[in-house]
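*Asks:* The primary structure of each chain is shown beneath.
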Amino acid sequence: MTRIDIGAEEDFPLEEGVYIGHEKTGGEPIAVFRTDEGIYALNDRCTHGNYSLSEGWVEDGTVECPKHASSFCLANGKVLNLPATEDAPTHTVEVVDGRVLLTPQF
Amino acid sequence: MSGVIIAGGSVAGFSVAAGLRDAGFSGPITIIDPHHTALDRPPLSTEYLVGDVELALAPTEWFSDHDVTWVQDTAVRLGQGFVETATQRFAADHIVIATGAVPKTLQLDKPVYTLRNIADADALRQALSPGVNVAIAGGGLLAPELATSAKALGANVTVFTPQVPAAEIFGELAETLYATMTEQVEVIERRLTVEENLDRFDLVIAAVGVEPNVAIAQGSKLTIDDGIVVDEAYRTNVEGIYAIGDVCRIRNQPRQDHWDHGRASAARVVHTIMGTEPAAPTPAWVWSDQFGHDAQAIGRVVPQAHERLVRRGDNVIFVLDGEKLIGSAALDEQLIIRAATRIMTRDIAVDPAQLADPDIPIRRLTR
Ligand SMILES: Cc1cc2nc3c(=O)[nH]c(=O)nc-3n(C[C@H](O)[C@H](O)[C@H](O)COP(=O)(O)OP(=O)(O)OC[C@H]3O[C@@H](n4cnc5c(N)ncnc54)[C@H](O)[C@@H]3O)c2cc1C
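Chain order of the listed sequences is A and B.
Here the UniProt record's numbering is used: position 78 in the first sequence is 78, and no number is missing along the way.
Here the UniProt record's numbering is used: position 7 in the second sequence is 7, and no number is missing along the way.
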């Protein structure tokens, strides 16, 4: 598994998602979220349908899909409400010396 | 712990089972439904009709993982403490009726299709071949959604609508949606009746509303009046029997037939069964995908006399009563609706000037 440098920490606004395309992840697109608590990465595609979690609403350690409002826990990808019923796959992401490093788990 | 029987396993019925297990309910849960598993309906008119999409609300292993029994059958009778199919009798302390609605249709000298189930969608897919001439009748959300899909499948589409569709749901943004539709397909502004000359059409799709599917309650002691009548906690007049989703109507309120009402009414019943304090009810939320637009609305977006309409650009509206947000509708601006939901459920006071200013991030107004 490779660790990819996806940018500087300040390029990841707090409480927002950032879309990392497949050309970078080498697999499915990934959504990276930075909050006061930490930095998290989930598959970008909502497990309910073709909607982008990076465009979702980030709050209290969760992201809510912008389309039909299923929420997922940022830390473990667990789905919290319908219509989605499957958890979102998570990926390893960390900040090292101000750089954001993503290790996709495909 | 005593058990729960749920008649009807779509969004409303399934949400009861899922919600009970989430809340730690450990008694037996049985869902009776003639379909093979829990299926969602909104994609039937959009993604499912033009392509392929998973309709199941949960993978099959969900049911064994959560110890929820799925009985593929139709419930025909019920009373206090029991539900019967043609061949089986089930007993439980709590009975939830979630049998949904059935489409109204039109009597015409043409094949008339309606859309509610997967079989209806499959039949429509067959019928909507390229070049076919289809008339779609209806004044709600479904007619424009069907028109979008029929056009994508290559049909020649004519929509008959007596009014701007879904104007009570999307407020003045319904005009924008209507304008988009008239650019894309032929629109005839009148109700489709038997008087209409339909020679040029091969088929008709009726999207003219639904009727609550109350068959199971006929002959029971339950009060039926445009739906199974319930109180605000979705309790019927018989102890231990609840009705939720499209099949019910809260006494003295209009019936609601939207997805989120199915989910929200289920959540309310879960609290009653668990004996826990319900969260404040969330305002009604509706969405529709049509002609490339993502339309969403929360709360009420047609202002009353003392209220005020606030526009934020061309595609977002809010209705305010003083500093209180009453509702919002948005086209292709999903985060507005996520924000408005929070502003409303948390009862946050808002300044109309800030709401109207697209340069002020909406997120800031939710804190
Ligand atoms: C094509 C289409 C598009 C839609 N699009 C939207 C949209 O964009 N936005 C929106 O908000 N809403 C939309 N809706 C409405 C939304 O799907 C419904 O409000 C929602 O499905 C209601 O859920 P429900 O569980 O109450 O009933 P239903 O979904 O009708 O489910 C009822 C279930 O009960 C079962 N059943 C019926 N009778 C019995 C019986 N006697 N015994 C056992 N089981 C029984 C049925 O098989 C069915 O599975 C759409 C509906 C349709 C049909």
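There's no promise every hint is true.
What the hints assert, rightly or not - Label pairs and their computed distance ranges (CB to CB):
id : chain 1 : residue 1 : chain 2 : residue 2 : range
1  : A       : G27       : B       : A179      : 40 to 46 angstroms
2  : A       : K24       : B       : A23       : 21 to 27 angstroms
3  : A       : D87       : B       : D122      : 28 to 34 angstroms
4  : A       : H22       : B       : G79       : 53 to 59 angstroms
5  : A       : H22       : B       : P254      : 27 to 33 angstroms
6  : B       : S129      : A       : G98       : 18 to 24 angstroms
7  : B       : H36       : A       : G26       : 33 to 39 angstroms
8  : B       : Q72       : A       : G27       : 47 to 53 angstroms
9  : B       : I188      : A       : G38       : 53 to 59 angstroms
10 : B       : A23       : A       : E28       : 31 to 37 angstroms
Keep in mind the hints are simulated off the structure, nothing from the lab.
As the structure is a computational prediction, the values presented were derived from the model and not from experiment.
By construction, the Cβ of each residue, glycine as well, lies at the ideal position given by its N, Cα and C atoms.
*Asks:* Could you tell me which of the hints above the structure violates, numbers in ascending order?
*Replies:* Failing hints, ascending: 2, 5, 6, 8.
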